[in-house]
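*Asks:* These are the residues of each chain, in order.
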Amino acid sequence: EAQVTQNPRYLITVTGKKLTVTCSQNMNHEYMSWYRQDPGLGLRQIYYSMNVEVTDKGDVPEGYKVSRKEKRNFPLILESPSPNQTSLYFCASSLSGGQGGNVLTFGAGSRLTVL
Amino acid sequence: AQSVTQLGSHVSVSEGALVLLRCNYSSSVPPYLFWYVQYPNQGLQLLLKYTTGATLVKGINGFEAEFKKSETSFHLTKPSAHMSDAAEYFCAVKPGYSTLTFGKGTMLLVSP
Chain R
197 EAQVTQNPRY LITVTGKKLT VTCSQNMNHE YMSWYRQDPG LGLRQIYYSM NVEVTDKGDV
257 PEGYKVSRKE KRNFPLILES PSPNQTSLYF CASSLSGGQG GNVLTFGAGS RLTVL
Chain U
2 AQSVTQLGSH VSVSEGALVL LRCNYSSSVP PYLFWYVQYP NQGLQLLLKY TTGATLVKGI
62 NGFEAEFKKS ETSFHLTKPS AHMSDAAEYF CAVKPGYSTL TFGKGTMLLV SP
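First to last, the sequence lines map onto chains R and U.
Heads up: the first sequence at position 84 corresponds to 280 in this note's numbering, and the numbers run straight through without jumps.
Heads up: the second sequence at position 19 corresponds to 20 in this note's numbering, and the numbers run straight through without jumps.
For the record, the hints were derived by calculation from the structure and aren't laboratory data.
We put the beta carbon where it would ideally sit given N, CA and C, even for glycine.
Hints may contain errors.
[Claimed, not checked] If you want the footprint, here are the derived chain R segments under chain U, 3+ residues with CB under 8 Å:
id	segment
1	232-246
2	269-280
[Claimed, not checked] Examples of chain R residues toward chain U, derived with CB under 8 Å:
id	residue
3	F286
4	G293
5	G297
Working from the sequences, and respecting the hints, build out all of it.
*Replies:* Written out as structure tokens, the structure is:
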């Protein structure tokens, strides 16, 4: 089944404890992206990747890191999480991110709470 | 930069009534337009999209949307709401090579 898989789905952590949210897709998509969803703010893009080894900042990149060493994986790293990073996180992928109306396939989401 | 405005964070309808969710956008170039739906505790999934050609676009579950360039709008409609339509709906715009920008979402509430 074509899908985007995120782990963990739920995580409670404490301020300053590094964590990684993994994201993997099995559709050979070039483009991958991370979003955070907060009530009343919709989805805001954190980072995106047009292809392997190519990443770029979205609208809210502060406090996050990403890497794209392989086409299928796009982990989101919080080096020193803070309470304002408590949110619902979505990974998404599409065939390409360039010109065109490519449709995003979303993961099921990762709910992160930072105490 | 592009932007998306969804009018109304919550819309309530009765089962069987018309659903109308409003979306206006700003874009410096002709955009691609999307509606995504998010059911409780799930990720987003595509309802429909407009790329080029016919301005009335039909999607899944009986939804449709009309691209009106002069009004910079892409409103989502469904003639008759079902209880199963209760979800959050997101309009999104992608001008050319730019990345996708989402609106803040509209929660659709359907009462019996």
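*Asks:* If any of the earlier hints don't hold here, list their numbers in rising order.
*Replies:* 2
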